[in-house]
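Keeping the supplied structure of chain A fixed, place chains B, C and D upon it in accordance with the hints.
There are 4 protein chains.
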Amino acid sequence: MMRAFAMLKIGETGWIDAPKPVAGAYDAILEPLALAPCTSDIHTVYEGALGERCNLILGHEAVGRVVEVGSEVKDFKPGDRVIVPAITPNWRTVEIQNGVPASHSEGALTGWKFSNTKDGVFADYFHVNDADMNLALLPDGMSLEEAAMLPDMATTGIHGAELADIQIGSTVVVIGIGPVGLMAVCGARLRGAARILAVGSRKKCAELALEYGATEIINYKNGDIVKQVLTATHGLGADSVIISGGPSEVLAQAVDMTKPGGTIGNVNYYGEGDILPVPRLGWACGMGHKSIHGGLTPGGRARMERMVALVQTGRINPGKMVTHTFNGLDKLPEALEMMHHKSPDVIKPVVLV
Amino acid sequence: MMRAFAMLKIGETGWIDAPKPVAGAYDAILEPLALAPCTSDIHTVYEGALGERCNLILGHEAVGRVVEVGSEVKDFKPGDRVIVPAITPNWRTVEIQNGVPASHSEGALTGWKFSNTKDGVFADYFHVNDADMNLALLPDGMSLEEAAMLPDMATTGIHGAELADIQIGSTVVVIGIGPVGLMAVCGARLRGAARILAVGSRKKCAELALEYGATEIINYKNGDIVKQVLTATHGLGADSVIISGGPSEVLAQAVDMTKPGGTIGNVNYYGEGDILPVPRLGWACGMGHKSIHGGLTPGGRARMERMVALVQTGRINPGKMVTHTFNGLDKLPEALEMMHHKSPDVIKPVVLV
Amino acid sequence: MMRAFAMLKIGETGWIDAPKPVAGAYDAILEPLALAPCTSDIHTVYEGALGERCNLILGHEAVGRVVEVGSEVKDFKPGDRVIVPAITPNWRTVEIQNGVPASHSEGALTGWKFSNTKDGVFADYFHVNDADMNLALLPDGMSLEEAAMLPDMATTGIHGAELADIQIGSTVVVIGIGPVGLMAVCGARLRGAARILAVGSRKKCAELALEYGATEIINYKNGDIVKQVLTATHGLGADSVIISGGPSEVLAQAVDMTKPGGTIGNVNYYGEGDILPVPRLGWACGMGHKSIHGGLTPGGRARMERMVALVQTGRINPGKMVTHTFNGLDKLPEALEMMHHKSPDVIKPVVLV
Amino acid sequence: MMRAFAMLKIGETGWIDAPKPVAGAYDAILEPLALAPCTSDIHTVYEGALGERCNLILGHEAVGRVVEVGSEVKDFKPGDRVIVPAITPNWRTVEIQNGVPASHSEGALTGWKFSNTKDGVFADYFHVNDADMNLALLPDGMSLEEAAMLPDMATTGIHGAELADIQIGSTVVVIGIGPVGLMAVCGARLRGAARILAVGSRKKCAELALEYGATEIINYKNGDIVKQVLTATHGLGADSVIISGGPSEVLAQAVDMTKPGGTIGNVNYYGEGDILPVPRLGWACGMGHKSIHGGLTPGGRARMERMVALVQTGRINPGKMVTHTFNGLDKLPEALEMMHHKSPDVIKPVVLV
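Chains as they are written, first to last, in the working numbering: chain A, 40 to 392; chain B, 40 to 392; chain C, 40 to 392; chain D, 40 to 392.
Source of the hints: derived by calculation from the structure; they are not laboratory data. Errors might be hidden in some of the hints.
You can't tell identical chains apart in this list, so a pair holds if it fits in one copy or across any two.
[Unchecked claim] Mimicking DSS-like on lysine-lysine, the simulated pairs with C-alpha atoms at most 30 Å apart in a straight line are: (1) Lys266 - Lys113; (2) Lys266 - Lys157; (3) Lys157 - Lys113; (4) Lys113 - Lys48; (5) Lys59 - Lys113; (6) Lys370 - Lys59; (7) Lys381 - Lys48; (8) Lys243 - Lys381; (9) Lys242 - Lys359.
None of the values given here were measured: they were computed from a predicted structure.
Bound-form chain A, shown alone (with noise of 0.2 Å):
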């Protein structure tokens, strides 16, 4: 047996002990080496996001040590320190072969196992399906803080920026500025983007936005951030818009700032509501050429050496957004309630283990 935090129903959470987990041929079991709770999880615990779970082992962002490898795991041995990535797909499927995304290889958002599908990372133990696929080397010098990072805050946030296809010398929004959004700023910057418009309102987060390309900050209290936007384009609008956090709502003010012709990535996920609303006058009636992307981030192996290729160049400092770090898997409950009741200093914490 080993001790896990876990969700032991909607809105509670506990330690909880739980059989080791046991490897298959191409699988893995690592302990963890440093952990982050995510904004997911407290939508997850607090808002039932994905439905009643009962002694669910929480957390998908760690990284670990290799303990143990299936037979069949051919570039992994006990000892590696790796980096897990948050979306673990089956990368055999005949939907991949069809182009579907591998984060959906086996139907909608399958590739997210960790904390949903099956038990986290918030434990002793964790078990990481197809190793060979979905493990990726930490590299010497690269502090375990900084790695932590890139599971799920890297990819998710540059992928949004993928997702919003921006074109060299852009401008574009990237509304909402957590550890996300911030990776998003990041992301726009890496695809070229010229102006970056940042929307958010914490002091902490858009210092650090400009630090990392943020153009100009747009606070939402200073009124409509759509004419905001507007104005600061001279009434034309962004050529793309990265939407990394908000209601439901959010998705109608990306619409409404987007230039005919330009294009929302949304990395946004929505826990609330049964509709998310297009408006029928800001997508021109339908005929705007406004084209509207969402996804969960790639992941995997490949994807996760690429973050790593990325912090090693230089492209990315992401552990500028490691706010606060906490020693030994007792302290979990604190740093998962750091990001439930997020005080204006907190961007991200980590868990050293």
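Using the frame of chain A, we list chains B, C and D on its own:
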């Protein structure tokens, strides 16, 4: 002065006397040879979809004869028989350089001028801006009825297929099989779809859809179309969905029936309501990689020349949609009324002048 | 032991006895129902295009019956009649995650295994790696002859059209109208080409090209094909060119006949020479935006299922290419010889077993 | 009459008297503020790359002041300080409607007019066609030296990155690190490359390449650059290769060092030879999915405005390439000669007028 058939105000049409239009240096004046009323005209007049208009000459689907050209027109001369696209953009704008589709070259939908922001084609004479860029020669041997399907119906329906990003061998749903939807069926076939599920209930349209390449008809009278599509696709959903008709709720249905990684292409003109609903769960909480595209058809000369080439090489046979032919400008009110109160045997009327 | 028809060494073929193949956990063993020799087999044997090979079993185009499956195969069982793609990649590699086409998942061309890096299908039995990912059910009612055109001819020819980035209403040239080129004509039509200029000289092929959708035949015996294409396109050149046959110089011709902004899609297997020439002036000194793509067809199950769907919906009729049918494995040498010394009435032979 | 520095004939330059240019209705006449000689001028004069020219005024990189505008020019007036793109297309052609890049709107390379098909900018005055579409305002605070890098160097180098289809986290090779290659390094970074291997031998260029974002320098003096790249990439090859310099053989090298599924983007102007070689084996016999793109940079106003935005937001710092500054039109011969016989400390000279 000339005679023209106009929208007098919302809900009312009638003949008016209007000044004969004048050609600028790059423009042309035409007299109509064949005219077709469009459902959009019905929206404009009876639903006030464009807002109040007073004495606006109706009509944007025309084949005509050039009667006058401006001093800078090089490729057309009086007497030329030409096809006139419904969309006649200003082709010389910085926004086009920026990658904005020409249909929106001076703002959303600005390429749509006829019977919208300037007088339409239901008149003794009408004006075409930038003739060299916005007219295409009517080839010998093409019937006027067939040619009259190209300015809007053919190009718009086919654009639906373009927006839906169809891959070879895909399963495609076409929602709505009026004349635009029928051409969307042709478009799906032109892009390589294997299965084409056409959603409609009118027998005459369904028959032509099958002739044009639909492999199955989905009738909403037989139950929820989303369920029907999911059943027909073993629960996977369609690779691509083209929306070519329906109220705002059709967008939600389209998303629900699209598989992760699939694409929705909308050419439907939504005339009512504040918002178009994207279903939160059907869109996988924002993360399902179901892309939503919607746009006004490309206009202009090259687009019409491509439509002509498709007819000449037998790739499309849009003339089959012409169920009723009238003779004489006098018949315009009758033809328009036919689009207003569509009887089951009507697909599209044409007025020969 | 089993009987097999093999390349004994460069320039020599013959029957050999070989051990019956063994299935790994994910694999299947099949017996052939229909086999087709390919021009590639001729290259391999008589031109030594792959280098020296000793007792390599030939053949990569097969329809078969499953006789044995490994313990992990889920979707197929002994007795199933299946279509076997010529390209059977390893679908579980990091390179695929990195965006490399599966045909090259373990290095260039590694998806092409049969009669290249492992024994081919011209035998009593043959082995298929990863059966769930690399086999497709033969549907009831599809003839073996037609099905035998799918593993390579149909998918390769159509891939030429995919590579050539054809837009609706385009003018497309297909160079070479052997069986791959004929399917490239179908592919060009499937992607929406209007004019299709098919380059070839054999009467039987030209007739079928016209039936498949070519609008004009260009015969190199009538002069320089570049000049003929330029004349036919008023000096502009083609929008897209598919190369499906010819010596290395054909690449230069293709570039010369493509317009700026156009695309060349190559599925031709170049067997000789050190270099393929791109004409400096025809390529506008490197700056003409004439894109050059070339690739091995996608393989695997989903691809074959899409080919099946195209046949079932009547989009393609590849069975018309089968000009000669043989009965019995014994006839393989005769069928191969027919591809070696193509008489004017041969397009493609099939051996039914 | 005015004074101008011209190519008198192949191999010979000199000052000439020429008539002051006249503005058509949409055109502008400018006087130069800053001029830069380009390696292309050297090709034109000393290699006769464009063929014989008599008294052709040289130069296509300029920042200028408007002295006269035609009657239809709306956005510019005498006194405006503007950046003049090297490429000034006719933006109103049917080929652009057909998807042909504007740089080729009237045939291959027709967007390149200055010092090619009309007189260049090395004169007291020069003519710009379609001023509203082909000029961009010089913003306050931007130095003339920096601005002079935008008409050709910045946009061309960055276009190399666009053509090379760079994905986030990719490994990119840039062959040639003269001023265009240095900007290609910036372009690769702007598109999200992680590793950037810059191929060059000149110390000053290598230093600036590293500052601009290159992570490694490959020096051909250390051996075969293909082998060096393969070694550095564990035998896999690069994801993308940008060619920004070199003789015709560089294309073969680029193909050899690109992985299957990768892309080559060429902005090199090949001045000599009949053919550019694609290596048959390196291109996997035509089937390796190594895409080859090559193109003239986009020109026009919006492109220059995007370059300006990149400078203003600090994304690029092209001014660092200006190693030498001259004062006065008289210095043009000296500056041109500096490009002709490049000493090790020269990257790019600018002449301030």
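Q. Which numbered conditions among the earlier hints are violated in the structure presented, ordered from lowest to highest?
A. Number 4 - this is the single hint that the structure violates.
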